[in-house]
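K.L.:
Start from the sequences and build out the full structure, keeping to the hints where you can.
Take a look at the letters that make up each chain.
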Amino acid sequence: MDPFEDTLRRLREAFSAGLTRPAEFRAEQLRGLGRFLQDNKQLLQDALAQDLHKATQLDSAFIRKEPFGLVLIVAPWNYPLNLTLVPLVGALAAGNCVVLKPSEISTSVEKVLAEVLPRYLDQSCFAVVLGGPQEMGQLLEHRFDYIFFTGSPRVGRIVMTAAAKHLTPVTLELGGKNPCYVDDNCDPQTVANRVAWFRYFNAGQTCVAPDYILCSPETQERLLPALQSAITRFYGDDPQSSPNLGRIINQKQFQRLRALLGCGRVAIGGQSDESQRYIAPTVLVDVRETEPVMQEEIFGPILPIVNVRSLDEAIDFINRREKPLALYAFSNSSQVVKRVLARTSSGGFCGNDGFMHLTLASLPFGGVGASGMGRYHGKFSFDTFSHHRACLLRSPRMEKVNDLRYPPHSQRNLRVLLVAMEAHCCSCTLL
Amino acid sequence: MSGKGSKGAAEDPGSEPTLGMDPFEDTLRRLREAFSSGRTRPAEFRAEQLRGLGRFLQDNKQLLQDALAQDLHKSAFESDISELILCQNEVDLALGNLQAWMKDEPVAKNTLTKLASAFIRKEPFGLVLIIAPWNYPLNLTLVPLVGALAAGNCVVLKPSEISKAAEKVLAEVLPQYLDQSCFAVVLGGPQETGQLLEHKFDYILFTGSPRVGRIVMTAAAKHLTPVTLELGGKNPCYVDDNCDPQTVANRVAWFRYFNAGQTCVAPDYILCSPETQERLLPALQSAIARFYGDDPQSSPNLGRIINQKQFQRLRALLGCGRVAIGGQSDESQRYIAPTVLVDVRETEPVMQEEIFGPILPIVNVRSLDEAIDFINRREKPLALYAFSNSSQVVNQMLDRTSSGSFGGNEGFIYMTLPSLPLGGVGNSGMGRYQGKFSFDTFSHHRSCLLSHAGLEKLNEIRYPPYTAWSQQLLSWALASRSCTLL
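So the sequence lines, in the order shown, correspond to chains A and B. Residue 1 is where the first sequence starts when you use the working numbering, and the numbers rise one by one after that. Residue 1 is where the second sequence starts when you use the working numbering, and the numbers rise one by one after that.
No wet-lab data here; the hints were simulated from the structure. Yeah, the Cβ is synthetic: ideal placement off N, Cα and C, and Gly gets one too. A hint or two may mislead.
Calculated pairs, DMTMM-like style, for lysine to aspartate or glutamate (alpha carbon to alpha carbon, straight line, at most 20 Å) [claimed, not checked]:
| id | chain 1 | residue 1 | chain 2 | residue 2 |
| --- | --- | --- | --- | --- |
| 1 | B | Lys436 | A | Asp383 |
| 2 | B | Lys222 | A | Glu322 |
| 3 | B | Lys122 | A | Asp383 |
| 4 | A | Lys400 | B | Asp244 |
| 5 | A | Lys338 | B | Glu105 |
| 6 | A | Lys165 | B | Glu198 |
| 7 | A | Lys338 | B | Glu123 |
| 8 | B | Lys457 | A | Asp187 |
| 9 | A | Lys379 | B | Asp440 |
| 10 | A | Lys165 | B | Glu353 |
Which residues of chain A face chain B? A few of them, derived with a C-beta cut under 8 Å, are [what the hints assert, rightly or not]:
| id | residue |
| --- | --- |
| 11 | Glu66 |
| 12 | Cys263 |
| 13 | Ala267 |
| 14 | Val287 |
| 15 | Val337 |
| 16 | Ser362 |
| 17 | Val368 |
| 18 | Pro407 |
P.N.:
Okay, structure coming up:
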């Protein structure tokens with residue numbers, strides 16, 4: 001039996017009834033979401049801690065914008081609240097009915113989203129559905145009016161193929177290997193601080209984290225002690241006991257990452273503890289392009305360094321590969337930073353820092369090529385979840401003015417009309 | 001396809017002994033290499049391409065009008081206002097705005113990024129594929145092309161093999177006006193298009209039917225290629241009791257029979273009360289006689305059906321309901337008279353498929369509500385029209401339905417206001433283009449933040465280990481309106 005049929009029908013009926021259209025309704029939904037976050041702060045922090053041992057300290061004519069209708073949001077496990085609720089805000093604000101499919105891998109957060117969140121929203125217009133890959137497949141056979149998916153490129157293809165059957169537009173927030181170019185002209189400690197913080201944040205399980213470093217052997221020599229210093233500063237001499245270092249989400253990911261520790265040579269870290277799904281902040285060197293650590297998105301606290309002999313070689317290396325979600329370049333020379341920017345492509349780019357660009361709601365967040373399509377955050381979310389309908393309302397009178405356009409055409413009328421069109425300033429009235 | 005030995009750079013796989021080899025491989029590789037070399041990036045290069053396109057339109061005006069006359073029996077006037085002038089205007093708009101559109105767009109910053117430079121950079125995707133249909137074979141090829149070129153992409157154009165005369169001009173003459181290392185025309189039918197779609201493109205813009213739209217999107221999904229699909233459907237045209245029948249008849253008839261009805265945004269069927277139908281019919285007859293004379297078949301202002309297949313399909317639709325006006329056809333000319341059908345049932349073929357011909361069925365409804373229900377029971381159309389003296393009624397229709405575009409007391413809006421985006425929703429498509437919307441569609445909007453290499457002391461606050469104080473401060477800095485939570 002199809003487990004989703006009833007739910008989806010209920011939501012479609014609510015949408016057709018126009019429940020989600022008034023601004024007041026949408027605002028009420030958003031306020032509910034806000035109360036959910038406030039009322040359950042401890043619960044959420046506990047859940048995040050349980051799933052990811054997250055550092056809980058850190059704990060936005062005319063064209064008419066119309067909702068699409070029934071929106072599906074499929075979220076991943078690494079930032080299980082952010083990557084579920086931030087899209088949800090956009091979908092609700094745009095007036096859609098929403099089906100949320102949180103990740104079954106971050107089980108504690110999934111539970112809170114399934115059991116607590118719906119109480120804060122109008123449940124005739126909102127539903128949480130649960131399940132693994134098989135249920136997802138079933139869900140995707142249904143027709144949605146928009147699908148927002150965050151996850152891997154592999155599953156992104158599956159989602160888009162399913163969407164194509166119904167001509168459903170999609171936003172796919174995918175991933176890749178985010179290059180981090182480090183120029184010879186830099187202060188190693190500054191670079192090490194910034195790269196390390198963004199790499200090891202959430203135990204490296206961040207789609208926009210720097211995935212690997214590209215630098216010369218000389219710069220590598222200066223970076224290694226600086227990286228060690230940053231790691232010690234952030235996480236202490238025994239990182240495993242630091243409250244500020246996350247854990248790997250599950251055994252499967254842990255085993256995958258532990259295997260990557262065998263690539264190249266461990267320069268820093270390399271320890272792991274299966275019972276805690278702990279992997280030490282690690283730096284690998286002497287890494288070859290063909291090794292697994294340079295073939296898949298790492299998504300863990302492992303940072304390989306690949307040597308290049310020049311900026312050009314770094315840029316070629318980057319451009320030979322799929323377009324990443326994020327790209328980083330560190331240099332004291334703004335010229336160098338701008339050259340990397342000008343000669344590459346990526347979802348987003350940050351010079352001399354990690355993924356700070358994500359903190360600006362005024363910047364759209366999205367990928368390009370294999371790292372995704374579409375974008376959101378702030379107003380971009382609202383626009384993503386809205387159909388922009390071109391509208392032209394004319395007067396039913398003034399029909400005489402239209403006479404010019406109707407056949408048969410006199411030479412004079414033709415000339416007037418064509419001149420007007422070519423001048424394209426009064427074509428509106430005359431046509 | 002005849003045309004072997006053509007002067008242009010068009011690839012015609014049908015004329016080459018391919019023996020299983022991919023006919024597009026070389027062309028695509030050449031274009032990719034050109035793109036990687038950065039040739040299409042500078043504004044001056046793009047402007048030169050656009051100027052070349054402009055010269056193509058001017059130098060070959062007669063040739064193009066002849067081609068359109070050959071394919072669709074288009075009058076010079078129709079060719080001008082629906083194709084040539086629109087293309088020229090699009091070129092001019094792009095040339096006039098290229099610098100502005102290409103500029104990095106600065107964005108608002110927050111407390112943590114005050115000293116940085118934050119902006120959105122528009123970048124070309126790379127290799128763009130434009131697949132065009134036969135009904136406006138120049139407009140629907142060249143207007144997207146303007147956007148793709150302005151955005152700095154290399155472009156592969158696949159014009160429709162059905163509008164043969166236009167295809168020939170595009171394949172043989174157009175490439176001479178553009179840098180052929182960055183531009184190619186490829187030819188072929190459904191089989192070749194299928195082969196083409198196996199390749200990876202960085203963007204695909206397709207104009208055509210929903211059925212083929214699905215095929216294109218499915219192929220694109222394999223490569224995670226973003227798409228804009230300009231599809232179709234049945235565009236409802238609601239006519240309120242409170243209207244002047246002759247005014248409505250003029251407007252509806254002109255937009256319906258333009259290009260012999262072969263327009264994706266034409267009013268497809270009328271929804272009105274039986275009383276209004278009685279008033280409309282003589283008014284429609286009057287409009288048709290006025291526009292096309294007593295013998296429309298001899299009017300220079302009425303187009304012809306593109307080919308036999310479409311003609312036969314349309315002739316079969318003449319058997320639906322009852323012919324109230326017109327109904328004549330002439331196979332030798334692929335001519336179908338401007339026709340109005342009444343007593344039409346929802347289940348008949350004429351109400352089941354997009355008509356795409358000079359046939360206008362009238363479906364009776366008893367109220368605005370019934371009309372809206374009728375419309376909302378069906379797929380979202382590319383365009384929706386409402387005619388009424390009451391702006392209340394027009395606005396209600398607008399508020400309670402959805403469609404790609406909407407015209408109140410007007411037919412398709414794009415000739416009047418090319419600055420509005422052209423795009424569908426639901427079954428009628430996704431994405432949009434025209435004017436600046438084209439440039440944006442064919443660009444990747446890359447978020448950029450350039451921070452200081454120094455000033456590391458300012459970053460201290462974000463690094464662990466955290467004190468209660470530093471946590472508070474950081475939360476405050478992030479929680480301002482212009483941030484998202486990390």
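K.L.:
Which of the numbered hints are not met once you compare them with the structure shown?
P.N.:
12, 13 and 14
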